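J.: Put together the whole structure using the sequences plus the hints.
In the order they appear, the protein sequences are chains A and B. Residue numbers for the first sequence, in this note's numbering: 1 to 304. Residue numbers for the second sequence, in this note's numbering: 1001 to 1319.
Everything labelled a hint here was simulated from the structure, so no lab data went into it. Computed from a prediction, not measured in an experiment: that's the story for all the values here. A couple of the hints might just be wrong.
[Unchecked claim] Straight-line C-alpha distance at most 27 Å; calculated DSSO-like pairs for lysine-lysine:
1. A:Lys98 <-> B:Lys1235
2. A:Lys98 <-> B:Lys1239
3. A:Lys92 <-> B:Lys1239
4. B:Lys1235 <-> A:Lys242
[As the list claims (entries may be wrong)] Computed footprint of chain A on chain B; a stretch qualifies when at least three of its residues, placed anywhere within it, have a C-beta under 8 Å from a C-beta of chain A:
5. 1198-1208
6. 1221-1231
Ideal placement from N, C-alpha and C gives every residue a C-beta, glycine not left out.
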Amino acid sequence: MNWISNYVRPKINSLFSRREVPENLWTKCPECGTMLFHRELAANLNVCTSCDHHMAITPRDRFTALFDTGIFVEVKVPEPITDPLHFRDQKKYPDRLKAAQKSTGAKEAMLVAEGEVGRTPIVAVAQDFSFMAGSMGMYVGNAIVAAAERAVKLKRPLVLFAAAGGARMQEGILSLMQMPRTTVAVQMLREARLPYIVVLTHPTTGGVTASYAMLGDVQIAEPNALICFAGPRVIEQTIREKLPEGFQRAEYLLDHGMLDRVTHRKAMRDELMMILRMLMGMTPAVKGDLPPPGDPSAAVADAN
Amino acid sequence: MNYLDFEKPLAEIEGKAEELRALARANPAMDVAKEAEGLDRKADTLLKDLYKALTPWQKCLVARHPDRPHTKDYIDALFSEYTPLAGDRGFADDHAVMGGLARFNDQPVIVIGHEKGNDTKSRIERNFGMARPEGYRKAVRLMEMADRFRLPVITLIDTPGAYPGKGAEERGQAEAIARSTEKCLEIGVPLISVVIGEGGSGGAVAFATANRIAMLEHSVYSVISPEGCASILWKDADKMREAAEALRLTAQDLQKLGVIDRIVKEPLGGAQRGRKETVEAVGKAIEAMLKELSGKKPDALIKDRRQKFLDMGSKGLAA
Chain A
1 MNWISNYVRP KINSLFSRRE VPENLWTKCP ECGTMLFHRE LAANLNVCTS CDHHMAITPR
61 DRFTALFDTG IFVEVKVPEP ITDPLHFRDQ KKYPDRLKAA QKSTGAKEAM LVAEGEVGRT
121 PIVAVAQDFS FMAGSMGMYV GNAIVAAAER AVKLKRPLVL FAAAGGARMQ EGILSLMQMP
181 RTTVAVQMLR EARLPYIVVL THPTTGGVTA SYAMLGDVQI AEPNALICFA GPRVIEQTIR
241 EKLPEGFQRA EYLLDHGMLD RVTHRKAMRD ELMMILRMLM GMTPAVKGDL PPPGDPSAAV
301 ADAN
Chain B
1001 MNYLDFEKPL AEIEGKAEEL RALARANPAM DVAKEAEGLD RKADTLLKDL YKALTPWQKC
1061 LVARHPDRPH TKDYIDALFS EYTPLAGDRG FADDHAVMGG LARFNDQPVI VIGHEKGNDT
1121 KSRIERNFGM ARPEGYRKAV RLMEMADRFR LPVITLIDTP GAYPGKGAEE RGQAEAIARS
1181 TEKCLEIGVP LISVVIGEGG SGGAVAFATA NRIAMLEHSV YSVISPEGCA SILWKDADKM
1241 REAAEALRLT AQDLQKLGVI DRIVKEPLGG AQRGRKETVE AVGKAIEAML KELSGKKPDA
1301 LIKDRRQKFL DMGSKGLAA
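T.: Shown next as structure tokens:
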């Protein structure tokens, strides 16, 4: 057998398939359909560059963009009992949890961190909608309680980014009990006279809206976020009529007096910093590049 | 008597006994006493068997039974000088929520509860016990008053859930529920809740964030209705039996999970077969729970209540 007859002709598939674009390089904006390159989208904080639609952003990415130089320290959240009810629908609850952990790389639906935003020390919590619809179970309850306790201990304000389909049904009544439980956490902050700012992102619904997500000192929402107790489909089924355009969206809630502000994601960091510094009685934030450390003139300016 | 689906065999036997007696009344010469009694005994045994081991879904049906005593029945029987106080001072008075000043064993209290109504007209007026934001805001107002004048608060829980309507959403249903729950946690007076029928999700929590929570034996308390849960997780609303099972929504399960403090026994065949006894039993439970809390200082009441809810979820069902 010589090398010529031994030669296997490459299959047509292997010639072409390798050149195919990896799947997640491009994201299609669900609102306007524009194809967005992943780098560009990430640089724009997952906001569509053509129509300004705010897509979901993971807690980690949000924190990286929020905290100074992207540095933050995770706050440990106590582990709850897993699957307290031995819940089983078409799948077992622990299997659903594992699947969510695998697909998101996150441990649970909430991340707690501490760090500085424009040199303003804060504690922040962000809910992850991609993890079982961000649903509130005991872990989320633990995360909020841990965040509040940490904020009180460090005398820092708490900023919470909410995103959830509601309570986690698989934890039954115990998920419902997170409503009063997280309310106690909010009260801890209030008693310590520490600001609690809620940023409502798309979507925030059900028992989450009806507890900690509506109890902020300042309520800010991202543009066009769906914020409600009962979802539009449930209401349409109940009253048997079509709901008006924009119903239960951030701007609509602002109009109805349910929110303080609707703020673009890219302006959120500056706004949070500004509000928090006023509420904490701090000097106005230094915008732009901070002077390099060790510069004696900067130290003098700080002392003033 | 309204029979539930699973009570059909019972309806047959009781119907037969009734028929026999009617026949005897029309025809005095006939002696049916023995036969009728036999049927009665049979019905009795059957009722015992049916209610000995109700499935969670059957409990949901019993909890929703139209003949069960409702908030209004409890207020009429257990409280004197009931003086309804109306309105949220902002928009309207919500008829799905009853509330006002009253005396319980001569002690002035504030009583608040969901009322479902008992015929078509009153059910519509009461919106089937589904409160709008105004109902929760009325409750907040009453709880504030209770706190100011040091009156214990007693809440009766019986709602399918908060009303999912357009106006309710526009006026801040979520915020109203959140504020009501928050108010429950703030007041320095004893707060006692009894789930008398359906404890429907956030609409129930808003009143039931209490120092002591009791449930009637066949009442249910859940994060979502079995039908709702089935349609989301099973994608089939007809799987409500399975969902009711999985959700652990019975009084017995909730006591195991440490969510409620006591179970009030119902007469054989459910509260609808012994309305008076049920109301009395609930009265006794309220009395006992008030006694447990009497003499506690406002700060201690607030602290205990918060700790109670902070601890929720530390217990699971044993494996």
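J.: Compare the structure with each hint and give your call.
T.: The hints, checked one at a time:
no.: 1; hint: A:Lys98 <-> B:Lys1235; verdict: holds, 21 Å
no.: 2; hint: A:Lys98 <-> B:Lys1239; verdict: holds, 24 Å
no.: 3; hint: A:Lys92 <-> B:Lys1239; verdict: holds, 16 Å
no.: 4; hint: B:Lys1235 <-> A:Lys242; verdict: holds, 23 Å
no.: 5; hint: 1198-1208; verdict: holds (count 4)
no.: 6; hint: 1221-1231; verdict: holds (count 5)
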